[in-house]
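Q: Counting in our numbering, the sequence shown runs from 1 upward without gaps.
Check each hint, because a few of them may be wrong.
Dumping the calculated BS3-like pairs for lysine-lysine here, alpha-carbon to alpha-carbon at most 30 Å [as the list claims (entries may be wrong)]:
no., residue 1, residue 2
1, 23, 47
2, 47, 70
3, 70, 23
Think of the hints as simulated: they come from the structure by calculation, not from any bench.
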Amino acid sequence: TPDSIMNNVANIAAGYYHSLILKNDGSLWACGDNYYGQLGNGNTNDKNVPDFIMNGVASIAGSHHSLILKNDGSLWACGNNYYGQLGDGTTENNKNTPVRIIPKSTDP
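Could you put together the complete structure from these sequences and hints?
A: Next comes the structure, spelled out in structure tokens:
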């Protein structure tokens with residue numbers, strides 16, 4: 001049967017084996033498979049409970065990588081980058097913390 005895991009959730013995005021949870025306060029949480037670093041929590045350990053990632057988030061999307069649109073209009077990405085899908089100008093370098101794509105910078 002369904003079980004409540006969080007309250008005040010504004011949006012969700014399901015990756016292949018991970019979940020992104022955006023709360024009403026703009027905080028981003030993630031859980032599940034983290035093989036490619038797609039949770040964005042700084043490591044590649046799987047999480048079976050939601051882990052806080054960052055604040056100020058407006059929208060999210062997930063696959064084997066995660067895309068994060070912040071309230072200031074900046075775009076961030078983490079996870080699998082084999083084909084350059086993170087958009088940071090590299091390939092084959094997975095990122096386990098969100099990397100700022102637009103405008104280009106690396107500080108969270």
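Q: Go through the numbered hints given earlier and state which of them the structure violates, listing their numbers in rising order.
A: none
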